[in-house]
Structures are given as structure tokens and as C-alpha cells.
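Put chain B on the given structure of chain A with help from the hints.
Just so you know, the sequences run in chain order A and B.
Numbered by our numbering, the letters in the first sequence go through residues 3 to 384 in order.
Numbered by our numbering, the letters in the second sequence go through residues 3 to 384 in order.
A hint or two may mislead.
Copies of the same chain look alike in the list, so a pair counts if it works inside one copy or between any two.
To be verified - Below are the DSS-like pairs computed for lysine-lysine, each with C-alpha atoms no more than 30 Å apart in a straight line:
(1) Lys60 - Lys339
(2) Lys347 - Lys308
(3) Lys39 - Lys68
(4) Lys57 - Lys39
(5) Lys68 - Lys57
(6) Lys257 - Lys308
(7) Lys340 - Lys170
(8) Lys170 - Lys339
(9) Lys167 - Lys257
(10) Lys39 - Lys257
(11) Lys134 - Lys69
(12) Lys257 - Lys172
(13) Lys170 - Lys257
(14) Lys68 - Lys134
(15) Lys172 - Lys340
(16) Lys347 - Lys167
(17) Lys339 - Lys172
(18) Lys347 - Lys68
(19) Lys39 - Lys60
(20) Lys60 - Lys172
(21) Lys347 - Lys69
(22) Lys339 - Lys57
FYI, nobody ran anything at the bench for these hints, they're computed from the structure.
Just so it is clear, the structure is predicted and the values come from calculations on it, not from any experiment.
Spelled out from the first residue to the last, the chains are:
Number of protein chains: 2
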Amino acid sequence: MRILVLGGDGYLGWPTAMHFSAQGHDVGVVDSFVKRKWELELGVEPLVPILTLHKRVKQWRNLTGKKISLFVNDLTNNRRLYQVFRDFQPEAIIHYGEQPSAPYSMMGRHYAVETQQNNIIGTLNVLYAMLKHCPNAHLIKLGTMGEYGTPNIDIEEGYIDIEHKGRKAKLPFPKQAGSLYHLTKVHDSANIEFACRIWGLKATDLNQGVVYGINTNHTVVGLNTSFHYDAIFGTVLNRFCVQAVIGEPLTVYGKGGQTRGYLNIRDTIQCVELAALNPPSSGEFRVFNQFTELFSVNDLAELVVKAGEDYGLSVEIDHMPNPRIEAEEHYYNPVHKKLQELGLKPTWLSDTLVNEIFDEVERNRYRIDRSLVRPDILWRHN
Amino acid sequence: MRILVLGGDGYLGWPTAMHFSAQGHDVGVVDSFVKRKWELELGVEPLVPILTLHKRVKQWRNLTGKKISLFVNDLTNNRRLYQVFRDFQPEAIIHYGEQPSAPYSMMGRHYAVETQQNNIIGTLNVLYAMLKHCPNAHLIKLGTMGEYGTPNIDIEEGYIDIEHKGRKAKLPFPKQAGSLYHLTKVHDSANIEFACRIWGLKATDLNQGVVYGINTNHTVVGLNTSFHYDAIFGTVLNRFCVQAVIGEPLTVYGKGGQTRGYLNIRDTIQCVELAALNPPSSGEFRVFNQFTELFSVNDLAELVVKAGEDYGLSVEIDHMPNPRIEAEEHYYNPVHKKLQELGLKPTWLSDTLVNEIFDEVERNRYRIDRSLVRPDILWRHN
Chain A
3 MRILVLGGDG YLGWPTAMHF SAQGHDVGVV DSFVKRKWEL ELGVEPLVPI
53 LTLHKRVKQW RNLTGKKISL FVNDLTNNRR LYQVFRDFQP EAIIHYGEQP
103 SAPYSMMGRH YAVETQQNNI IGTLNVLYAM LKHCPNAHLI KLGTMGEYGT
153 PNIDIEEGYI DIEHKGRKAK LPFPKQAGSL YHLTKVHDSA NIEFACRIWG
203 LKATDLNQGV VYGINTNHTV VGLNTSFHYD AIFGTVLNRF CVQAVIGEPL
253 TVYGKGGQTR GYLNIRDTIQ CVELAALNPP SSGEFRVFNQ FTELFSVNDL
303 AELVVKAGED YGLSVEIDHM PNPRIEAEEH YYNPVHKKLQ ELGLKPTWLS
353 DTLVNEIFDE VERNRYRIDR SLVRPDILWR HN
Chain B
3 MRILVLGGDG YLGWPTAMHF SAQGHDVGVV DSFVKRKWEL ELGVEPLVPI
53 LTLHKRVKQW RNLTGKKISL FVNDLTNNRR LYQVFRDFQP EAIIHYGEQP
103 SAPYSMMGRH YAVETQQNNI IGTLNVLYAM LKHCPNAHLI KLGTMGEYGT
153 PNIDIEEGYI DIEHKGRKAK LPFPKQAGSL YHLTKVHDSA NIEFACRIWG
203 LKATDLNQGV VYGINTNHTV VGLNTSFHYD AIFGTVLNRF CVQAVIGEPL
253 TVYGKGGQTR GYLNIRDTIQ CVELAALNPP SSGEFRVFNQ FTELFSVNDL
303 AELVVKAGED YGLSVEIDHM PNPRIEAEEH YYNPVHKKLQ ELGLKPTWLS
353 DTLVNEIFDE VERNRYRIDR SLVRPDILWR HN
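So that you can see chain A by itself, here it is in the shape it has in the complex:
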């Protein structure tokens, strides 16, 4: 299959590209490196040194003999994007190419507008590029479980059957996102659903939980992926592991009862592959809830404390004031059956896996800037 990975330089994009290439698919990666620019502006960088994407693509070819095509392009540049779609003729498009951080979007007007503009317009351009050059291709779009918020009813996969005043309808599941970043994913979903309904495109919206982990089968030296431990781009379990190793207390925001779906980075790749190998039909907008386990922040903190003890670390927990505005104790029961039905074999969060992250952090601890792990972006302050 010809597979185009948008955001191919990123935490999930790069390992996804390697995986599909290893499986024998014809893979292209698209990236503008704007996320690297944002990192430079904020003074943050991945834990492990990352080669340029140009070098990694060459390295991959040297190691495996397989070619990954590299397209340097910004999704907001529609003319060049059209050229890429015309030349590569993708059959599946894996779309990770968005500003991925909730705190970044909450840093003030400039960042909010940049996030919404980049994500919404970039995705609109992708839809128009598909319509023009590959209307039968399958768009696999990374969304987030955060689109739904934390409603007091079970969260279904994209749609809900509602009975109301004696009548019935199947409608998009109502959403209440928790940041201006999460809202971009809500807006994208609505725009993509429209493109499927009106133009007959086909898409899978993967409402993904919080991803953790640092390695996949292919992230050997020189082919590493971007693991962030900072409070802006780092996800919670990854941050906790770094805090444990460097002797900083685990920063639990508020009461810590915030419960979310989580999955291993290996399972992200597995889920995306399952979606790609089982495409929807034309005109279908399909939504999968993509996670394997539910944890509260307190659960994760306790897990890291325990794993740390076994590893020889003394780990403390700091229940700090919550910089976000969110429910800290709430009902949470999202359905996540569709990927299981397609054959997802979950990688469970176990101590072993946390140890793997501990090891990688130890090897790179000289690179860590301690000042970056505590949050300083407030939801209610600009």
C-alpha cells in the first residue's frame, strides 16, 4: 500500500513510518519541522538526541534496504501539498501533522490562534488534496479521547443512539473538550465527517488516549523517536518516569482523580495499522476510541512510585495546584471495542515497561533540564 505519514518527524509519526516500511509498504513522510521550531522557541528538546529526518531516512535505507520518501512541506501550504498528493498518490494517509500540546494552546492568544489555524486549515487542505488527487484514499486521522471531555454517561465510539421524546436518532457523540488544542480535534472531526458525508471520502478518526513509552521495534540508535519530558509536550507517564529518575517529585495536578485512557506507543502503531488494513467504505466516517487501559493520575503516580522502589529510586508525589481547569473526580467509562474486534493485542502497562523508560532516562540524564518538568502554563491566566 502507498502510505503517506503526515507529521512523519514526530513522536508517533516516525515509528509509524518505519513500521509500515518494514511491513513492505511504500511509505512517504511529510513534515515541515514547525514542531522543532516551537521546541526551539520554548527551549525544550527531546530526551534522546534525534538525527535529522533526512539522516534517519538514509539510515533506515542503509539498515533495511527500504526507501521512505521524504517530503518537506507544511500542510498549510496547499499548493505544495497538492503536488505531494499528486506525485505520491497515497492509498492511506496517516495524519499526525498537528500541533499536539494542550498547554501550548493555552499560553495565550498567539498560541491559541496558531494551534487552531495550523490544525484546522492543515486538515482542510488535506481533505481538498484528497478530493483532487486521491478521492478513494483512506484518511486515518489522529484525534483524541480529550474531545469527549468527562461526561456523566458512557462514552461511545463517535456516535450515540439517542431516544428523545419518543423518537430515535444516531448522532455524533456530544463533545466538551478541555483545551483549545483539544477543540481543534473536535473541529477537525466535524470537518472530516462533512467531507465524507458530502464528497464521499472515507476516513477513520482515531480518538486516542494518552500515549506512553519510548521505544518500538525499530527505534534503535540513530532511529530514535522524540520522547518529551517537559510539561508542554511530554505526556504524563513519560514525565513521571523522568521525574522519578532525576529525583523530582511526581507532579500530580490537583486531586489526581482525573481518569483517562492510556496506551503504549507500540499499540498506537498497531491500531493505525489495523485501521489501514481494514478501511471503511467510501462516504463512511468511522470513529474508534484508541486506548487499552484506564488509569487515574493517582494510579499512575503510585505505579511509578512502586516501580521506582523496585528500581532503587525513592520517589515522592507532589499534589500541586492544578494548572488546568478540569474535573478532578468524575465518572469515566469510554467504550473501546472496535479496535479489539479488528484484532488489537494490547501491550499492558507493566513494571518492566516502566523500567525500559527508566533505563533510557538514566542514559540521557545529562541532557535533562529540571526546570522544564513543572508546569507553568495556567488555563485561567493569560
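Using the frame of chain A, we list chain B on its own:
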């Protein structure tokens, strides 16, 4: 009250500004005239000649002694917008300042992106301007009933109580909009709800039906408003009236069973005033469904045929192929109680009113370009 009308040059914005000024409020209007530029690009113009906004504001002062402050500014220019909010210190902001046409948004990628960028980013800037300079002001945002689509259940006002698997929640009413323009209103609503929930702003989202009519109490000569009869910016009943007078068949798209909420332009102003005089509390995101009557397109066509006969016109109906993708026969029962509870006195659609439009069209028929009334923008063609 200090009231700022965004989009104060437009069909609804200008009469709204005059009305609040006549009521003794301190009114400011903001406009960038980008809609006038779009009209020039498309070769369309309002039926009645419109003086510049600068002249109308002076004319208003000459006639009434009342001052309307004019701010020439684009909502996507946040620096100047901040200055306006800082200087004027609005207590209510009536936000009409968006690209208002569904067909315009469906003309291709350029127009879709322009519409989403203009509307979403403009509104984000308004929210940040409020947060910075008037966090206690009341945002009155014009949305559209088209945000909901045509679900098979009754449409509630913004929120719906859902009982699901034995649990209950009050959640945003699910939406399935019918164009990339309508989607901008969906996205705006979600962003504004977030701003209320997280920052404690207060807002009323007016999900408005299709507006018809050409005059209000203040649209005397020299103070007219922009009545469009073209297929891009003209609303359906206004277009039908023009077609009836110039002897063109009424363009019913498809079967004509498409049913929508409608209201007179006078009632738009009445509804906005009711919202302004009865603000929500801080942190509240309130949604009103703003229309007075339901009609199918066939209902309207028959009504115009009949009114035309009485007026001495011979009117034909052309069931042309539908340029849009939409249900042409569907259940439709939206709730619209909240504005009635605040005291809305509906202006019913009667033959008299249609005659008023016929008269105005007759006076200006020399200005009409017949080629502009038939639609040529297809939803499924780019």
C-alpha cells in the same frame, strides 16, 4: 449600555446598530468591509444602493442627533481589535462579523479556508479581547439553526438531557452542519462554550433561522440595509420575491421539502435586544434557537406564487436539481421557547410583508442582474 456591533456594515448589523442607538444605548460598529470586497470579487451587490458606513453614521446623527462610533477594523487583526475593546469598553458585543454564506464556503478550497479562518480566528480574537479588556461583557453571537442539521429527533436549545445505559447527563446537542460555513458556527460555539466554562466569560449563542425582509423601523432612504437577491448571499425568501417580480421562475432546490426555521429581520433585532437586556451570569454559555415559524421551501414558493398573483405577477416554480447535498424530506421539530419566554412578539410572515419586498424590488429592478439569481455552486464539485 455600551454596545459594540461587529459586522456593523451588514444586512443585520446596521439595522441592529440603529435600533440600539435609537433606544438610547451607546453604540459602536466595527467592520472591515471585507464582505464588500467579496461582493466585488463575485460581481454581486445589494438590491438597494447603500451609502458608505461613514456616510450612514453621519446621516444617522443628522436625523436623530445620536452618535454611532465607527471602528474600521478586521476581527482577524487582534492588535487593533484589542484597542477597540480597550477604548470602547463594551458591555455587550453583538457578533455578526463573519462570512455568512454557505455557497461561498463551498466554492472550493480557497473559499472554504478563507471562511473557516475568518470566522474561527476572528471569534477567537474577540474572546481574547474580552478576556483582556472586558471580561464581564456579554457576548451575543449569531450562530445558525443550520448547525444542528436535520436530526430525526426534536432539536433542543443548545443542550440535551441524555439517558444512556442507566445514567444521565446534560450535554451539548449533537450537530451535523450542512456546509463548511455552517461548520464555522459549530466550531465557534464550541470555542465560546470553552471560554465561558474555563475563563468565566458570559455568552448567548443565537442559533438563528433564515432571515427575510428588507426594512426595519429605521431603514429609511440613506439608511438602507444590504438586501441580497443573488444565489450566494441572498436568503431564500428574499430571492423568491426578486424572482417573482422580474419574471424568473422560483428556484426550488430539489424536492423542496427542506424545512427550516424563519424569522423577519425585525425579529432578529428584537431577539438580539431581548438577549442583551437579559444577560446570562458569568461563566454561562446560553443557547437560544432564534426563529418564529417553520416553512418548507415548497411552502415559501407557494406563498410567493399566491402573493404574486394578488400583486398582479404570474409566478412559476422551477424544481431544479439541488446544488446542495441535503435531505429533501425529513423530520424537523426544533424547540424555540427561550426567546418567547423573554417576551418575543413574533412578526408573522404575511402577504403584506411580501408586498413590502415586492415594492422595494420594483423600485430597484433596473439594478438587478438576472444572471445572479440561479445557483451555480455545487456542493459535490470543486
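Taking the numbered hints from earlier one at a time, note which ones the structure violates and give those numbers from smallest to largest. 1, 10, 20, 22
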